[in-house]
Amino acid sequence: MMAERVQQPPAKRLCCRPGFGATCRQGHRAAAGALCGGGSAANQGESSRTQSPESLLDIAARKVAEKWPFQRVEERFERIPEPVQRRIVYWSFPRSEREICMYSSFNTGAGEEVGSGGESGDETRLPFRRGIALLESGCVDNVLQVGFHLSGTVRELATSSETELLCNVSVSFDRCKITSVTCSCGNKDIFYCAHVVALSLYRVRKPEQVKLRLPISETLFQMNRDQLQKFVQYLITVHHTDVLQTAQKLADEILSQNSEINQVHGAPDPTAGASVDDENCWHLDEEQVQEQVKLFLSQGGYHGSGKQLNLLFSKVREMLMMRDSNGARMLTLITEQFMGDPRLALWRQQGTTMTDKYRQLWDELGALWMCIVLNPHCKPEQKAAWLQQLRRWNGVDVCPLEDGNHGSELINLTNALPQGPPGNPDSLTRPHRTVFTRAIEACDLHWQDPHLQHIITEDHYNNYCYHDNLDGSLFDSRGWPLWHEHVPTACARVDALRSHGYPKEALRLAIAIVNTLRRQQQKQLELFRGHKKELLHRGVTSVTNLEGWVGHPLDPIGTLYSTLMENGRGSDGRVTLDFSGSCRRTENPVYTPFLEEGETFVLLAVETALIGLGQQRVMPDGLYAQEKVCRNEEQLLAKLQEVELDDTLVKILRKQATLLLEAGPYSGLGEVVYRESVPMHTFAKYLFTSLLPHDAELAYQIALRAMRLPVLESTAPSADLSRPQHIVSVVPNRYPRWFTLSHIESQQCELASTMLTAAKGDACKLHTVLESIQKNIHSSSHIFKLAQDAFKIATLMDSLPDLTLLKVSLELGLQVMRLTLSTLNWRRREMVRWLVTCATEVGVFALDNIMQNWFTLFTPTEATSVVASTIMSNSTIVRLHLDCNQQEKLANSARTLALQCAMKDPQNCALSALTLCEKDHIAFETAYQIVLDAASTGMNYTQLFTIARYMEHRGYPMRAYKLATLAMTHLNLSYNQDTHPAINDVLWACALSHSLGKNELAAVIPLVVKSVKCATVLSDILRRCTLTTPGMVALHSRRNSGKMMSLDKAPLRQLLDATIGAYINTTHSRLTHISPRHYSEFIEFLSKARETFLMALDGHIQFTQFIDNLKQIYKGKKKLMMLVRERFG
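Just so we're aligned, residue 1 is where the sequence shown starts under my numbering, counting upward by one.
If you're looking for bench data, these hints aren't it; they were derived computationally from the structure. Computed from a predicted structure; not experimentally measured. Be careful, since some hints might not be right.
What the hints assert, rightly or not - List of simulated lysine to any residue pairs, SDA-like, C-alpha gap at most 25 Å:
{"no.": "1", "residue 1": "Lys889", "residue 2": "Thr937"}
{"no.": "2", "residue 1": "Lys533", "residue 2": "Asn515"}
{"no.": "3", "residue 1": "Lys760", "residue 2": "Thr861"}
{"no.": "4", "residue 1": "Lys655", "residue 2": "Leu637"}
{"no.": "5", "residue 1": "Lys504", "residue 2": "Arg654"}
{"no.": "6", "residue 1": "Lys177", "residue 2": "Glu74"}
{"no.": "7", "residue 1": "Lys998", "residue 2": "Met1095"}
{"no.": "8", "residue 1": "Lys765", "residue 2": "Lys889"}
{"no.": "9", "residue 1": "Lys765", "residue 2": "Val643"}
{"no.": "10", "residue 1": "Lys904", "residue 2": "Ile922"}
{"no.": "11", "residue 1": "Lys775", "residue 2": "Met797"}
{"no.": "12", "residue 1": "Lys523", "residue 2": "His377"}
{"no.": "13", "residue 1": "Lys357", "residue 2": "Ser275"}
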């Protein structure tokens, strides 16, 4: 629905016939009348072309209609018979529905069309589908073709939500292309509306039912003056409300001899076709393209705008495939809007990064420009114009960079190692390459190389056809052509050929490139073998390819793979390229040039992907570029996994796996790798799972070799030649900025887990995999995950536990314990509990071992509170089915552990040690002595009170009392700490002392008086001591005398005096900063103080003196003192 404007488009050219007078018109009309029948017969014969040969007139008219503007035909011939004109006009309308479909719907690439809204859920609502429905429902009427102009009405029937709509539609066309459309429906969008589609398809499907007339100027030429006047007057009469004003204005200008209209020879005719100077292209509403792109960009990725922009890019590719010049035109409009996105300047100013999806849109923009400038048949002036605008965009300071965006240009503040080999300039000093740089560089490429021409135009081109292969670089040993060019650039040529509708030529070049890669791989292998000893002795290597093919902006491996797979699986008919300038259409492009016997395009595609994925390449700069490497690798592997493996594919996998293992520094799986080369974990996992059923040894070689992650190695063990695969770079102890390192480590963990699963039941393999994990994985969380995975696999419900795999799981768990022992890890407690569970499954010897070596694995607290306690629990004993001797041996180890932990950390382990040693008298006494030794220095009152309560609970009141008195020496309660958590412990200690007897109470009260200054706590203790007789609990079978203790004698007198003193001190302290809102609370406090004062013999006198003293000192607080008098006199 291409932004239809209701106004009639202006005529393209002026039409006239000099010297064509009235007499000639009559004669010509008579001749035309004689020939009209022939024209009509030709029309009637259209439907019977299949029964009779096509006439020479139709053949010639069709060719002229396709290639020549009608003005050139008129200029070339002085007189053109009307039947000839009719046939040219007839054949000038498009005959294929494919282009009409392209301009009225998006193509998702999956065989379905999507409307400009991007929603394909209801196909009946798509413009193209709706247009077909309108046509088939008979809604198209009044169709008339006048010259190169088609008009008609389209009626949309009423629905429950919409009224009936009658649309006036007109279409102009030229050389089999619709050049403008107009519809009164008023809808505005990038593509044709359903009404334009319906009218156009009516003309394509039912040409014999369309009334055909010559251009209106031809008809006017046939009229005499009277007829012309009658014609004009009738026209004005019928449309007087619309054209009367315009008609009068034109009449005035024509009657004025000096008017502009009289200075021009001839008059415009909107039905006369295009002029020689008009560009022949399909109608594209540029304004709507710009508006839609601007709208999608403004939505910032919401509401599916990213999908909409991708569909627009797909539309550009579709246009390129159809050789439609609007492809470049539309991409130019899109690019202008992208460059004008205000977010670019904002991100540049703030130093922030653009979103990943938005960044991918820019990548596609750059790739499309690469395809456009590499069009093998573009004209020099076109390429020059594109180069000019690309340079203009490239020079804008906000133009995004190829390997990321301006957020990644910030100065490196982390002292991280710059990417690239030593000696390379820092990445910040390298010239900036924007998303357009490669397209600008591609403008210098051409297609005139004779060898390249032969490759893409000949199916059987070999070294017998070419005599300049002096250095052997043009053909391989089989005589098949090679193409030596920068691989991404060569693959960009392939993509350009595919994109512009030359699949056969793209395939020929792709095969030549793949053969070149194969030959290069062999030469690299031979080169490495010649220098292998020297390289392995040095133990280091430089990177062999700074620009990796996987993750490259031009996606060379993906291009080759797609090209080969499309031909391997078959595809639709395509237009093929003939460099003489002509085109032909083929219905079956699946052919097999330069394939060995038994080889297929699928095999070639798979091998190409393996070569690209296995290439040793340096990790690029920047977050986006690194994420792109991972994403591109995963996309390629996903495509490979879709291919069903057969014997021939397995053979290819074996071949490439072996080559990659032996290719040295040219392979990411070689023996020697550059420290910062891209890891091969994900690729190796694919090879491992694919090769495992067919060649297990090779599969394990690949996976074990790929397990390394040299960028995390701190040193290069150059002397260790027994394990050359671990040799890394010479730059130690400095990490580069690998933003995707966590993802890479996860993939390394996945590879290890896959090997563990596969190795179940094979002790030798499990041991090898375990060694590799311990050598190469540095993350404790990943090792712990592997340990858990191994445990799950080993203890599957449907089989007996695999003891070897359980031991591997335990070994990994022990490594995790050692790694995390001295570091903070929020999962540490979970790890410790899991290890005990794992050791329990392995057996009693494993439990005994971890307890004997606890100091290398656990903290003292973990060892006592979690490990030993869990092992000694009843559930563990029952689970292991232990006999008495085994139980005793395990208990001895647990007690030894407990005592060792108590010695090392008595504060946190003493109680656990006592608990674990309860059943052994000697061990228990030893633990108790450890507590006593640590009580004076290393333990606080809370720990001592806790152990004291434990002792009382276990039936050791005297030991509890001793520990409680030791705890009291560490305690200090100030006057205002009446809610201190230790108060309950103090009350308990006093109650314990009181229960033991007078002597014990007398010993503890001085400690209480010294440690506790809080009056309310002291009064509570005093009151409790006076309620019962000390020593009510019989000790050593002695009966207490039952006398109550006197408050006038020690030790209670000392406690009473301390309590009264605490009340006096607390009162003065509170009065210093008291506020009126606390007066009532203070009065209540004095009431409690009076109760304590009255417990003394002279308490009444003391309290009265105390109150009088308060009145005197604080007489300024009149209101408070008044309340004191009211309560206490």
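Original post:
Which of the listed hints are broken here?
Top reply: 1, 2, 3, 5, 8, 9, 11, 12, 13
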